[in-house]
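Chemist: Numbering (the working numbering), first residue to last: 2 to 254.
By construction, these hints were calculated from the structure, which means they are not laboratory data. A virtual CB, placed ideally from N, CA and C, is assigned to each residue, including glycine. Be a bit skeptical, because a hint or two may be false.
Each pair of labels, with its calculated beta carbon distance range [what the hints assert, rightly or not]:
| hint | residue 1 | residue 2 | range |
| --- | --- | --- | --- |
| 1 | Ile4 | Lys252 | 54 to 62 Å |
| 2 | Lys241 | Lys107 | 32 to 40 Å |
| 3 | Ser151 | Gln207 | 37 to 45 Å |
| 4 | Glu55 | Gly230 | 30 to 38 Å |
| 5 | Glu202 | Lys90 | 42 to 50 Å |
| 6 | Lys147 | Pro226 | 53 to 61 Å |
| 7 | Thr233 | Lys89 | 16 to 24 Å |
| 8 | Lys87 | Lys244 | 24 to 32 Å |
| 9 | Ser150 | Ser5 | 19 to 27 Å |
| 10 | Lys90 | Ser177 | 45 to 53 Å |
| 11 | Ala43 | Ser155 | 49 to 57 Å |
| 12 | Leu93 | Thr233 | 19 to 27 Å |
| 13 | Glu202 | Lys244 | 42 to 50 Å |
Each computed DSSO-like pair below joins lysine-lysine, with the alpha-carbon atoms no more than 30 Å apart [as the list claims (entries may be wrong)]:
| hint | residue 1 | residue 2 |
| --- | --- | --- |
| 14 | Lys51 | Lys123 |
| 15 | Lys195 | Lys123 |
| 16 | Lys241 | Lys252 |
| 17 | Lys147 | Lys89 |
| 18 | Lys125 | Lys100 |
| 19 | Lys167 | Lys185 |
| 20 | Lys241 | Lys123 |
| 21 | Lys6 | Lys195 |
| 22 | Lys172 | Lys125 |
| 23 | Lys72 | Lys115 |
| 24 | Lys241 | Lys231 |
| 25 | Lys185 | Lys6 |
| 26 | Lys72 | Lys142 |
| 27 | Lys82 | Lys167 |
| 28 | Lys90 | Lys195 |
| 29 | Lys100 | Lys89 |
| 30 | Lys123 | Lys142 |
| 31 | Lys100 | Lys167 |
| 32 | Lys82 | Lys125 |
| 33 | Lys115 | Lys87 |
| 34 | Lys82 | Lys51 |
| 35 | Lys21 | Lys82 |
| 36 | Lys147 | Lys195 |
| 37 | Lys142 | Lys185 |
| 38 | Lys252 | Lys90 |
| 39 | Lys92 | Lys107 |
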Amino acid sequence: MIISKPLPDVGELVLVRINKVMPFGAYCTLTEYGISAYLPIAEVANGWIKNIHEFIKDGQSAVAKVIFVDKEKRAIDISLKRVSNKEKKDKLNESSMEKRAEQLFKQALERAGKTAEIEAIKQKLAQKFSTYVELLEEAYKPDGAKNLSSVLGSELAEALHDIAVKSIKPKVFEVSYTLELSAKNRKGNINTIKEALSAIEQLGVQVIYEGAPHYLLRATGETYPVAEGKITKAEAALEKYEKQLAYNVLKKQ
(Lines of atoms letter the chains of each structure in order from A and count residues from 1; the text may use other names and numbers.)
(Lines give C-alpha, C1' and ligand atoms only; values in the text may rest on other atoms or scores of the structure.)
Protein backbone atom coordinates (compact mmCIF):
# COMPACT_ATOMS: atom_id res chain seq x y z
CA MET A 1 0.00 0.00 0.00
CA ILE A 2 1.18 3.53 -0.73
CA ILE A 3 -0.12 4.84 2.60
CA SER A 4 -0.91 2.09 5.09
CA LYS A 5 -4.24 2.04 6.88
CA PRO A 6 -3.91 2.23 10.68
CA LEU A 7 -5.83 -1.04 11.07
CA PRO A 8 -7.01 -3.82 8.75
CA ASP A 9 -10.67 -4.55 8.09
CA VAL A 10 -12.55 -7.64 9.25
CA GLY A 11 -12.38 -10.22 6.47
CA GLU A 12 -9.15 -8.82 5.04
CA LEU A 13 -6.34 -11.19 4.11
CA VAL A 14 -3.05 -10.26 5.77
CA LEU A 15 0.53 -11.46 5.86
CA VAL A 16 1.60 -12.47 9.36
CA ARG A 17 4.70 -13.57 11.23
CA ILE A 18 4.11 -15.83 14.22
CA ASN A 19 6.26 -14.49 17.06
CA LYS A 20 5.41 -16.61 20.11
CA VAL A 21 3.36 -19.79 20.22
CA MET A 22 1.48 -20.34 23.49
CA PRO A 23 -0.62 -23.34 24.64
CA PHE A 24 -3.91 -21.70 23.59
CA GLY A 25 -2.87 -19.42 20.76
CA ALA A 26 -0.07 -17.35 19.27
CA TYR A 27 1.06 -13.73 19.27
CA CYS A 28 1.72 -12.49 15.76
CA THR A 29 2.74 -9.42 13.78
CA LEU A 30 0.85 -8.21 10.74
CA THR A 31 3.88 -7.49 8.57
CA GLU A 32 2.11 -5.06 6.23
CA TYR A 33 0.84 -2.96 9.14
CA GLY A 34 3.59 -3.44 11.72
CA ILE A 35 1.05 -4.13 14.47
CA SER A 36 0.28 -7.08 16.74
CA ALA A 37 -2.52 -9.62 16.45
CA TYR A 38 -3.63 -12.74 18.26
CA LEU A 39 -4.26 -16.14 16.73
CA PRO A 40 -6.59 -18.25 18.96
CA ILE A 41 -5.93 -21.99 18.97
CA ALA A 42 -9.45 -22.59 17.62
CA GLU A 43 -8.50 -20.62 14.50
CA VAL A 44 -5.25 -22.45 13.75
CA ALA A 45 -6.72 -25.46 11.94
CA ASN A 46 -9.90 -27.45 11.51
CA GLY A 47 -10.54 -30.28 13.94
CA TRP A 48 -9.20 -31.04 17.40
CA ILE A 49 -5.77 -29.61 18.21
CA LYS A 50 -4.01 -31.50 20.98
CA ASN A 51 -0.60 -29.87 20.52
CA ILE A 52 -0.55 -26.46 18.87
CA HIS A 53 3.17 -26.82 18.10
CA GLU A 54 2.33 -29.53 15.58
CA PHE A 55 0.61 -26.89 13.43
CA ILE A 56 2.53 -23.64 13.90
CA LYS A 57 5.94 -22.53 15.17
CA ASP A 58 7.80 -19.38 16.22
CA GLY A 59 9.09 -17.37 13.26
CA GLN A 60 6.67 -18.91 10.77
CA SER A 61 5.16 -16.70 8.06
CA ALA A 62 1.61 -17.24 6.87
CA VAL A 63 -1.48 -15.74 5.28
CA ALA A 64 -4.31 -15.12 7.73
CA LYS A 65 -7.79 -13.62 7.70
CA VAL A 66 -8.81 -10.87 10.11
CA ILE A 67 -11.84 -12.01 12.13
CA PHE A 68 -12.04 -9.36 14.86
CA VAL A 69 -10.94 -5.73 15.24
CA ASP A 70 -11.37 -3.49 18.29
CA LYS A 71 -10.35 -0.05 17.04
CA GLU A 72 -10.26 1.56 20.47
CA LYS A 73 -8.07 -1.08 22.06
CA ARG A 74 -6.28 -1.84 18.73
CA ALA A 75 -6.93 -5.52 19.41
CA ILE A 76 -6.99 -7.86 16.41
CA ASP A 77 -7.78 -11.56 16.12
CA ILE A 78 -6.84 -13.55 13.05
CA SER A 79 -7.52 -16.98 11.62
CA LEU A 80 -5.46 -19.43 9.60
CA LYS A 81 -8.11 -22.08 9.09
CA ARG A 82 -10.50 -19.70 7.33
CA VAL A 83 -8.04 -19.00 4.51
CA SER A 84 -8.57 -21.15 1.43
CA ASN A 85 -5.68 -22.35 -0.73
CA LYS A 86 -6.78 -20.01 -3.51
CA GLU A 87 -6.94 -17.03 -1.15
CA LYS A 88 -3.46 -17.85 0.13
CA LYS A 89 -2.06 -18.09 -3.39
CA ASP A 90 -3.75 -14.88 -4.51
CA LYS A 91 -2.53 -12.95 -1.46
CA LEU A 92 1.06 -14.10 -1.91
CA ASN A 93 0.96 -13.16 -5.60
CA GLU A 94 -0.54 -9.80 -4.75
CA SER A 95 2.15 -9.15 -2.15
CA SER A 96 4.92 -10.10 -4.57
CA MET A 97 3.52 -7.81 -7.27
CA GLU A 98 3.16 -4.93 -4.81
CA LYS A 99 6.77 -5.25 -3.62
CA ARG A 100 7.99 -5.28 -7.22
CA ALA A 101 5.89 -2.22 -8.08
CA GLU A 102 7.21 -0.35 -5.03
CA GLN A 103 10.81 -1.07 -6.08
CA LEU A 104 10.11 0.28 -9.58
CA PHE A 105 8.61 3.42 -8.04
CA LYS A 106 11.76 3.91 -5.94
CA GLN A 107 13.91 3.49 -9.06
CA ALA A 108 11.92 6.26 -10.71
CA LEU A 109 12.43 8.49 -7.66
CA GLU A 110 16.19 7.95 -7.85
CA ARG A 111 16.29 8.61 -11.59
CA ALA A 112 14.36 11.86 -11.15
CA GLY A 113 16.36 12.87 -8.07
CA LYS A 114 13.26 12.96 -5.88
CA THR A 115 14.14 10.46 -3.13
CA ALA A 116 14.17 13.17 -0.46
CA GLU A 117 10.57 14.03 -1.29
CA ILE A 118 9.21 10.48 -1.08
CA GLU A 119 6.86 11.01 1.88
CA ALA A 120 5.29 14.14 0.40
CA ILE A 121 4.88 12.38 -2.95
CA LYS A 122 3.29 9.35 -1.30
CA GLN A 123 0.78 11.61 0.44
CA LYS A 124 -0.25 13.03 -2.94
CA LEU A 125 -0.45 9.58 -4.54
CA ALA A 126 -2.60 8.22 -1.71
CA GLN A 127 -5.39 10.58 -2.76
CA LYS A 128 -5.66 8.75 -6.09
CA PHE A 129 -4.08 5.30 -5.70
CA SER A 130 -4.30 2.65 -2.98
CA THR A 131 -1.39 0.48 -4.14
CA TYR A 132 1.84 0.74 -6.11
CA VAL A 133 0.43 -1.78 -8.58
CA GLU A 134 -2.40 0.62 -9.42
CA LEU A 135 0.16 3.40 -9.85
CA LEU A 136 2.35 1.32 -12.19
CA GLU A 137 -0.66 0.27 -14.26
CA GLU A 138 -1.52 3.93 -14.80
CA ALA A 139 2.11 4.81 -15.58
CA TYR A 140 2.29 1.98 -18.11
CA LYS A 141 -0.46 3.47 -20.30
CA PRO A 142 0.64 5.31 -23.49
CA ASP A 143 -0.42 8.61 -21.92
CA GLY A 144 0.68 7.58 -18.41
CA ALA A 145 3.38 10.26 -18.08
CA LYS A 146 0.94 12.97 -19.07
CA ASN A 147 -1.79 11.71 -16.72
CA LEU A 148 0.57 11.54 -13.74
CA SER A 149 2.47 14.78 -14.32
CA SER A 150 -0.01 16.82 -12.25
CA VAL A 151 0.62 14.56 -9.26
CA LEU A 152 4.29 13.62 -9.66
CA GLY A 153 5.68 16.43 -11.78
CA SER A 154 6.73 15.87 -15.37
CA GLU A 155 10.25 14.58 -14.64
CA LEU A 156 9.19 11.87 -12.17
CA ALA A 157 6.11 10.98 -14.23
CA GLU A 158 8.22 10.45 -17.35
CA ALA A 159 10.78 8.39 -15.42
CA LEU A 160 8.05 6.18 -13.96
CA HIS A 161 6.37 5.73 -17.35
CA ASP A 162 9.68 4.74 -18.96
CA ILE A 163 10.47 2.22 -16.21
CA ALA A 164 6.93 0.78 -16.30
CA VAL A 165 7.02 0.28 -20.08
CA LYS A 166 10.40 -1.45 -19.90
CA SER A 167 9.57 -3.61 -16.87
CA ILE A 168 5.94 -4.69 -17.31
CA LYS A 169 5.28 -7.52 -19.72
CA PRO A 170 1.91 -7.05 -21.43
CA LYS A 171 -0.63 -9.65 -20.39
CA VAL A 172 -1.72 -11.91 -23.21
CA PHE A 173 -5.08 -13.70 -23.24
CA GLU A 174 -5.50 -16.88 -25.26
CA VAL A 175 -8.55 -18.74 -26.55
CA SER A 176 -8.66 -22.10 -28.32
CA TYR A 177 -11.30 -23.60 -30.59
CA THR A 178 -11.63 -26.84 -32.51
CA LEU A 179 -12.43 -26.51 -36.21
CA GLU A 180 -14.10 -29.44 -37.93
CA LEU A 181 -13.43 -28.92 -41.64
CA SER A 182 -14.11 -31.25 -44.56
CA ALA A 183 -14.99 -31.04 -48.25
CA LYS A 184 -18.55 -31.49 -49.45
CA ASN A 185 -17.27 -33.17 -52.61
CA ARG A 186 -13.96 -34.66 -53.65
CA LYS A 187 -13.22 -32.32 -56.52
CA GLY A 188 -10.54 -29.82 -55.52
CA ASN A 189 -11.06 -30.56 -51.85
CA ILE A 190 -7.42 -30.40 -50.66
CA ASN A 191 -6.65 -27.11 -52.38
CA THR A 192 -9.87 -25.53 -51.11
CA ILE A 193 -9.16 -26.62 -47.54
CA LYS A 194 -5.62 -25.24 -47.75
CA GLU A 195 -6.95 -21.97 -49.11
CA ALA A 196 -9.50 -21.69 -46.28
CA LEU A 197 -6.90 -22.42 -43.60
CA SER A 198 -4.53 -19.89 -45.13
CA ALA A 199 -7.28 -17.26 -44.99
CA ILE A 200 -7.73 -17.98 -41.28
CA GLU A 201 -4.00 -17.67 -40.55
CA GLN A 202 -3.90 -14.29 -42.31
CA LEU A 203 -6.32 -13.05 -39.63
CA GLY A 204 -3.76 -13.77 -36.90
CA VAL A 205 -5.22 -17.13 -35.86
CA GLN A 206 -2.82 -20.04 -35.41
CA VAL A 207 -3.96 -23.26 -37.12
CA ILE A 208 -2.67 -26.60 -35.83
CA TYR A 209 -3.54 -29.85 -37.60
CA GLU A 210 -4.88 -32.44 -35.13
CA GLY A 211 -5.95 -35.13 -37.59
CA ALA A 212 -8.61 -34.85 -40.26
CA PRO A 213 -11.13 -33.34 -40.01
CA HIS A 214 -10.01 -31.55 -36.83
CA TYR A 215 -7.84 -28.44 -36.52
CA LEU A 216 -6.94 -26.41 -33.46
CA LEU A 217 -7.56 -22.67 -33.79
CA ARG A 218 -5.61 -20.57 -31.29
CA ALA A 219 -5.90 -16.78 -30.98
CA THR A 220 -4.32 -14.31 -28.57
CA GLY A 221 -5.00 -10.68 -27.65
CA GLU A 222 -4.56 -8.02 -24.98
CA THR A 223 -8.08 -8.91 -23.77
CA TYR A 224 -10.36 -11.93 -24.15
CA PRO A 225 -12.77 -10.01 -26.41
CA VAL A 226 -9.89 -9.18 -28.78
CA ALA A 227 -8.82 -12.85 -28.93
CA GLU A 228 -12.43 -14.01 -29.36
CA GLY A 229 -12.88 -11.40 -32.09
CA LYS A 230 -10.17 -13.07 -34.17
CA ILE A 231 -12.05 -16.37 -34.00
CA THR A 232 -15.25 -14.61 -35.02
CA LYS A 233 -13.46 -13.20 -38.07
CA ALA A 234 -12.12 -16.67 -38.87
CA GLU A 235 -15.66 -18.06 -38.89
CA ALA A 236 -16.74 -15.23 -41.17
CA ALA A 237 -13.86 -16.03 -43.53
CA LEU A 238 -15.06 -19.63 -43.80
CA GLU A 239 -18.45 -18.49 -45.10
CA LYS A 240 -16.79 -17.84 -48.46
CA TYR A 241 -16.21 -21.59 -48.79
CA GLU A 242 -19.57 -22.87 -47.50
CA LYS A 243 -20.55 -24.25 -50.92
CA GLN A 244 -17.42 -26.42 -51.10
CA LEU A 245 -16.66 -27.09 -47.43
CA ALA A 246 -18.53 -28.28 -44.35
CA TYR A 247 -17.27 -26.69 -41.12
CA ASN A 248 -18.07 -26.28 -37.46
CA VAL A 249 -16.19 -24.20 -34.86
CA LEU A 250 -16.36 -25.43 -31.26
CA LYS A 251 -14.97 -23.87 -28.07
CA LYS A 252 -12.08 -25.92 -26.68
CA GLN A 253 -12.84 -27.15 -23.17
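Chemist: Are the hints correct? Go through all of them and say.
Modeler: These are the hints, each one checked on the structure:
no.: 1; hint: Ile4 / Lys252: 54 to 62 Å; verdict: 44 Å, violated
no.: 2; hint: Lys241 / Lys107: 32 to 40 Å; verdict: 56 Å, violated
no.: 3; hint: Ser151 / Gln207: 37 to 45 Å; verdict: 43 Å, holds
no.: 4; hint: Glu55 / Gly230: 30 to 38 Å; verdict: 54 Å, violated
no.: 5; hint: Glu202 / Lys90: 42 to 50 Å; verdict: 37 Å, violated
no.: 6; hint: Lys147 / Pro226: 53 to 61 Å; verdict: 26 Å, violated
no.: 7; hint: Thr233 / Lys89: 16 to 24 Å; verdict: 38 Å, violated
no.: 8; hint: Lys87 / Lys244: 24 to 32 Å; verdict: 50 Å, violated
no.: 9; hint: Ser150 / Ser5: 19 to 27 Å; verdict: 26 Å, holds
no.: 10; hint: Lys90 / Ser177: 45 to 53 Å; verdict: 24 Å, violated
no.: 11; hint: Ala43 / Ser155: 49 to 57 Å; verdict: 55 Å, holds
no.: 12; hint: Leu93 / Thr233: 19 to 27 Å; verdict: 37 Å, violated
no.: 13; hint: Glu202 / Lys244: 42 to 50 Å; verdict: 22 Å, violated
no.: 14; hint: Lys51 / Lys123; verdict: 47 Å, violated
no.: 15; hint: Lys195 / Lys123; verdict: 59 Å, violated
no.: 16; hint: Lys241 / Lys252; verdict: 21 Å, holds
no.: 17; hint: Lys147 / Lys89; verdict: 37 Å, violated
no.: 18; hint: Lys125 / Lys100; verdict: 20 Å, holds
no.: 19; hint: Lys167 / Lys185; verdict: 51 Å, violated
no.: 20; hint: Lys241 / Lys123; verdict: 58 Å, violated
no.: 21; hint: Lys6 / Lys195; verdict: 61 Å, violated
no.: 22; hint: Lys172 / Lys125; verdict: 29 Å, holds
no.: 23; hint: Lys72 / Lys115; verdict: 35 Å, violated
no.: 24; hint: Lys241 / Lys231; verdict: 16 Å, holds
no.: 25; hint: Lys185 / Lys6; verdict: 67 Å, violated
no.: 26; hint: Lys72 / Lys142; verdict: 39 Å, violated
no.: 27; hint: Lys82 / Lys167; verdict: 40 Å, violated
no.: 28; hint: Lys90 / Lys195; verdict: 45 Å, violated
no.: 29; hint: Lys100 / Lys89; verdict: 17 Å, holds
no.: 30; hint: Lys123 / Lys142; verdict: 20 Å, holds
no.: 31; hint: Lys100 / Lys167; verdict: 17 Å, holds
no.: 32; hint: Lys82 / Lys125; verdict: 38 Å, violated
no.: 33; hint: Lys115 / Lys87; verdict: 39 Å, violated
no.: 34; hint: Lys82 / Lys51; verdict: 16 Å, holds
no.: 35; hint: Lys21 / Lys82; verdict: 18 Å, holds
no.: 36; hint: Lys147 / Lys195; verdict: 48 Å, violated
no.: 37; hint: Lys142 / Lys185; verdict: 49 Å, violated
no.: 38; hint: Lys252 / Lys90; verdict: 28 Å, holds
no.: 39; hint: Lys92 / Lys107; verdict: 23 Å, holds
When the structure is compared with the earlier hints, violations turn up for hints 1, 2, 4, 5, 6, 7, 8, 10, 12, 13, 14, 15, 17, 19, 20, 21, 23, 25, 26, 27, 28, 32, 33, 36, 37 and for no others.
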